[in-house]
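*Asks:* Listed here are the chains, written in short residue letters.
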Amino acid sequence: MKRRNLLATAAMGLLLASGGAFAQGMDKVKACFVYVGPIGDGGWTFQHHEGALAVQEKFGDKVEIQWQENVPEGADAERVLTQMALGGCNIIFTTSFGFMDPTNAVAAKFPDVKFEHATGFKRDSANVSTYNARFYEGRAVQGHIAGKMTKSNKIGYIASFPIPEVVMGINSYYLHAKKANPNVELSVVWAFTWFDPAKEADAAKALIDQGVDVIASHTDSTAPLAEAAKTNGAVIGFGQASDMAEYKDGPRVSSIIDNWAPYYVKRVGALLDGTYEQADAWEGIAGGEVEIGEITAAVPAEVKAEAEALRDSIAAGTYHPFTGPINKQDGSPWLAEGATAPDGDLLGMNFYVEGITGDIPQ
Amino acid sequence: MDIGGINPVILIATLMASAVPILLAALGETVVERSGVLNLGVEGMMIIGALGGFVVAVETGSPVIGFFGGAAAGALLSLIFAALTQVFLANQVATGLALTLFGLGVSSLGGQGYNGIKPPPTEQLLPDALADLPVVGPILFGHDWVVYFSILMTAVLWWVLKATRVGLIIRAVGESHEAAHALGYKVNRIRLMCIAFGGAMAGMGGAYVSLARVPQWVDGITAGAGWIALAIVVFASWKPWRVLIGAYLFGGITVLQLNLQVAGSGIPVEYLSMAPYLITILVLVIMSAGRKGKANGAPASLGQNFHASR
Chain A
1 MKRRNLLATA AMGLLLASGG AFAQGMDKVK ACFVYVGPIG DGGWTFQHHE GALAVQEKFG
61 DKVEIQWQEN VPEGADAERV LTQMALGGCN IIFTTSFGFM DPTNAVAAKF PDVKFEHATG
121 FKRDSANVST YNARFYEGRA VQGHIAGKMT KSNKIGYIAS FPIPEVVMGI NSYYLHAKKA
181 NPNVELSVVW AFTWFDPAKE ADAAKALIDQ GVDVIASHTD STAPLAEAAK TNGAVIGFGQ
241 ASDMAEYKDG PRVSSIIDNW APYYVKRVGA LLDGTYEQAD AWEGIAGGEV EIGEITAAVP
301 AEVKAEAEAL RDSIAAGTYH PFTGPINKQD GSPWLAEGAT APDGDLLGMN FYVEGITGDI
361 PQ
Chain B
1 MDIGGINPVI LIATLMASAV PILLAALGET VVERSGVLNL GVEGMMIIGA LGGFVVAVET
61 GSPVIGFFGG AAAGALLSLI FAALTQVFLA NQVATGLALT LFGLGVSSLG GQGYNGIKPP
121 PTEQLLPDAL ADLPVVGPIL FGHDWVVYFS ILMTAVLWWV LKATRVGLII RAVGESHEAA
181 HALGYKVNRI RLMCIAFGGA MAGMGGAYVS LARVPQWVDG ITAGAGWIAL AIVVFASWKP
241 WRVLIGAYLF GGITVLQLNL QVAGSGIPVE YLSMAPYLIT ILVLVIMSAG RKGKANGAPA
301 SLGQNFHASR
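Residue numbers (the numbering used here), protein chains in the order written: chain A, 1 to 362; chain B, 1 to 310.
Hints in this document: simulated from the structure, not taken from any laboratory.
Glycine is no exception: its CB is placed at the ideal position from the N, C-alpha and C atoms.
Just to be clear, a hint being listed does not mean it is correct.
To be verified - Listed next, the stretches of chain A that the computed footprint assigns to chain B, with coverage defined by at least 3 CB atoms under 8 angstroms from CB atoms of chain B:
(1) 33-40
(2) 82-92
(3) 182-190
(4) 221-233
Build the full structure now, drawing on both the sequences and the hints.
*Replies:* Shown next, in the form of structure tokens:
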């Protein structure tokens with residue numbers, strides 16, 4: 001009790017010294033969000049904004065939210081973050097991998113402001129937390145559907161940037177497609193953008209032109225689905241980041257939905273009641289951060305049942321999508337029989353698993 | 001007849017369609033710059049056109065009317081630029097940049113409620129019997145009308161600028177507004193009309209993105225295509241056919257590099273990704289080099305405002 005009082009006094013001192021406002025709980029929190037794309041992308045940024053709105057709804061008057069769309073990854077991000085920190089934000093969520101260094105740089109200058117960086121791994125100062133979702137769990141379900149559904153045995157993946165997050169998704173997708181259909185071949189296209197609908201559509205078209213009939217995408221817009229829709233059912237795809245339900249009667253057979261709301265509510269809530277601590281959160285299907293969107297009638301009932309069983313076994317913790325034996329692309333062993341991938345391996349993943357052709361750009 | 005797993009016929013057909021937005025916008029900007037005005041707001045006009053075209057097409061159910069809606073939206077936005085630079089003599093570079101920012105913002109605001117809607121499809125123009133012919137079918141006959149329109153516009157603009165009185169006046173205004181004024185031409189009025197034309201073309205290019213190429217509306221859909229169009233105008237020495245070559249090269253290599261990735265060419269992806277920019281610039285620089293004197297062909301009065309009192 002004594003020690004706690006001491007800490008509280010120290011915190012009070014800090015508070016007075018810095019003019020900031022955090023310690024044992026807060027009356028009002030200003031939560032700020034930095035988005036890499038527009039909220040109207042219908043995917044990644046849209047879902048983060050849904051999370052932000054959930055925070056507002058949950059806490060009402062006690063929370064003020066602010067956001068900035070279309071923030072480029074790089075020097076501009078640092079400017080935006082500094083402005084937010086100076087503008088009275090108590091907690092700032094930076095929602096793209098490329099904001100990692102700017103987030104840490106600005107966080108070092110504003111020790112009173114909490115920073116939360118999505119999908120990154122750097123926590124240079126005590127006020128930086130990272131959070132992510134185990135999207136590879138969803139990719140496993142998609143891969144299974146892809147392997148079962150492809151008629152040409154060619155499946156595609158529109159990748160954004162060569163970061164562990166994306167490589168992890170490709171590997172998980174491929175492993176489970178291969179398991180469902182040993183003849184499957186995967187083509188990966190690197191678009192080098194998170195958001196460029198025309199380029200994403202071009203990438204989808206390139207895949208379709210070369211006989212690919214199931215397309216998964218790791219970019220933020222609905223353009224790949226729109227391109228697949230032009231084939232009148234010959235090509236299917238998945239909703240990415242958001243449900244993309246408007247393509248349900250078309251090519252979208254399922255989806256990965258990022259649900260950030262529980263995490264955002266939890267963190268802002270912790271700041272309000274004073275229980276906030278630095279964290280490295282990584283929840284998956286079980287934690288509700290990754291949801292599998294409805295599998296449509298275009299998928300045969302038995303495949304749907306298998307996919308749902310896969311989803312449930314991952315959620316229950318009885319199955320890990322990266323369970324050995326798995327070799328790396330060059331044939332060297334990665335996971336032994338029955339071993340599951342440690343999180344550290346996944347977060348730094350920079351190799352393809354055996355069977356995928358092509359190289360990861362470095 | 002695949003080459004390295006890539007069918008060249010499909011490739012050419014695809015690049016012709018994928019180059020249309022940049023081609024239309026760049027053609028419009030060519031006319032604008034030939035008249036001596038530097039409008040850096042192409043990206044803003046494109047995205048307003050993308051939204052305008054989309055909204056009109058969805059509301060009327062007709063993609064053709066949509067394209068004209070896109071053109072009208074682009075032209076309308078460009079009139080703001082025209083008013084500021086031609087009437088109030090504002091700095092063209094700053095105004096153009098502001099126009100882009102304004103266009104992006106307005107389109108984002110106006111596009112609320114249009115996310116996730118599918119526009120009426122833009123169908124191929126000619127009957128399947130022609131489009132299904134081997135080789136020439138997909139390349140020559142398998143397109144929608146805008147692709148033909150963009151090529152037609154290239155030819156028309158080339159002819160107008162080179163061989164007609166109107167073209168001569170536009171060029172005169174762009175090369176020496178003082179001389180054109182002395183001859184009795186209304187410099188600012190001519191420039192205003194050129195700006196509106198450029199806006200309409202950029203708007204139509206934008207509408208092609210949202211109505212045909214991606215068929216949907218999302219914020220920021222043009223994603224920088226306007227800047228590429230601007231660059232192509234310069235590297236093409238302000239000549240319509242070279243603009244076409246530039247746009248096709250850029251579009252073609254973009255499509256080709258994606259196809260090479262799918263086919264597993266073994267060329268490192270980094271090189272493939274930068275190839276469109278690099279090769280387009282290289283080819284156009286080489287084409288415009290070698291002639292002395294008027295090597296770059298920039299209109300002499302480009303970017304300078306004119307007022308009759310001077």
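*Asks:* Give a verdict on every hint.
*Replies:* Hints, one by one, checked against the model:
Taking a C-beta to C-beta cut-off of 8 angstroms, the region 33-40 of chain A contributes 4 residues in contact with chain B, enough for the three needed, and the coverage statement holds. Counting residues of the region 82-92 of chain A whose C-beta lies closer than 8 angstroms to any C-beta of chain B gives 0; at least three are required, and the coverage claim is violated. Figure legend: the region 182-190 of chain A, annotated as covered by chain B; annotation consistent (4 residues with Cβ-Cβ distances under 8 angstroms, at least 3 required). Coverage of the region 221-233 of chain A by chain B holds [criterion: at least 3 residues with CB-CB distance below 8 angstroms; count 7].
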